[in-house]
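Number of protein chains: 2
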Amino acid sequence: MSYELYYWPTIQGRGEFVRLALEEAGADYIDVARESEGLAVMIRMMDHVERPPFAPPFLKDGETIIGQTAAILLYLGARHDLAPKDPAGGLWTHQIQLTIADIVAEAHDTHHPVAISLYYEDQKAEALRRAKEFRDNRIPKFLDWFETILARNPTGDGHLVGRTLTYVDLSLFQLVEGLTYAFPKATKRALKDTPRVASLHAAVAKRPRIKTYLASPRRISFNEEGIFRRYPELDR
Amino acid sequence: MSYELYYWPTIQGRGEFVRLALEEAGADYIDVARESEGLAVMIRMMDHVERPPFAPPFLKDGETIIGQTAAILLYLGARHDLAPKDPAGGLWTHQIQLTIADIVAEAHDTHHPVAISLYYEDQKAEALRRAKEFRDNRIPKFLDWFETILARNPTGDGHLVGRTLTYVDLSLFQLVEGLTYAFPKATKRALKDTPRVASLHAAVAKRPRIKTYLASPRRISFNEEGIFRRYPELDR
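Chains A and B, in that order, are what the protein sequence lines are. FYI, our numbering numbers position 109 of the first sequence as 109, with every residue one higher than the one before it. FYI, our numbering numbers position 174 of the second sequence as 174, with every residue one higher than the one before it.
It is worth saying that the hints were derived from the structure and are not from the lab. All of these numbers come straight from a predicted model, not from anything done at the bench. Worth double-checking, as some hints may not be accurate.
Stated by the list, open to error - Simulated DEER-style distance windows between Cβ atoms: (1) I43/A / D157/B: 53 to 59 Å; (2) K124/B / T10/A: 35 to 41 Å; (3) E37/A / G38/B: 53 to 59 Å.
Note that the Cβ used here is the ideal one computed from N, Cα and C, for glycine as well.
Using the sequences plus the hints, can you model the full thing?
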């Protein structure tokens, strides 16, 4: 049976971390809200199931519904050989994903520092201040942490965990993609100091299934509805 | 062997969710940074281990070091009967914890909407706007979600998951504690519409081990260094 992925149909957003894992795994899945009337199905489901996700994305696998991006990846990683089999390694991989989730939330808040219920234009003054902090302190701090992890990986610096690809390599790729879209100048500067992160990003882009996916219509383009938005005034 | 918990020694913060689980489990643990010179040990450890946590809290269990609050609770829940044994139930419990982590991060950002590197006083204008959104929209939305989960629990509305206590009941207790400290007026209003959440909060406070813990010096008081801060101008 196919997995059913539920996520907003017009953005990469948090759903993209799940899409990348499904694509790399070669898993059969339906991106439900992008099908005809699928969005209505998604909304109805959130309103009626016994274990309702707080927000998309969520994944349906038979009778099991899983919300929260990192929890979905924890589930998929174990099933598709995208995470170490040993419990400590699996938890470490998950811990890295949770930290990626933290910077993704901060990236979102650069353009919505006051309220998701307000337009960007109504919180632009606050956004200018928050984006400066994000560029100057937060992007370097997070990328340095990933660089450190790569450098300390006892089996080599080509992957965050172990010697083969895990879902957090895919997620770090997507994070760098998003940061590069939203903050091209600041991200380019930060990547100069984190060469291992830059190399991993480039290596993931060349993986056959990922390359095919990125060139396909299944990959939605970045846009100013998503988490990573290009507002030139927020980058320097 | 005792668990070693590493967290900032003067605040409840995110470490408190771990402390509550350890206390309810009756687990043997050392709150390392509160011991003499423990803070220096914590900082050194983050700088030198092969798998460095991005930030406290982290838990050391023998050779295993686990960062990220939700990952720590996933680990402890399975070991101390504070989560369901079936994989789907365990993942659902974890998903609830991750959503609690989301509102905790939002609560933090009410007083630090621009930058954690700046004082509250230097981002007060932004804080006033963000706190209004948090009070008016976010607290009710999250508490409604917990209320829905309690109402839909097929085994009764006394616990978020199943018919016995899990770590997310403890975490929801702590969330309500924190919100009540920081936003007493707004939280009181929201709890009127979420009676099951209010009841669960009251029931957790009466559990013998939790009651003992809350009255002990191990429970740090809320203060204006932590995640939940009482700035009267941010509550209405």
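Structure-based check of all given hints:
Range check, I43/A to D157/B: Cβ separation about 25 Å, and the 53 to 59 Å hint is violated. Between K124/B and T10/A the C-beta distance comes to about 36 Å, which sits within the given range of 35 to 41 Å. Between E37/A and G38/B the beta carbons are some 58 Å apart, a value that agrees with the proposed interval 53 to 59 Å.
In summary, the one numbered hint that this structure violates is 1.
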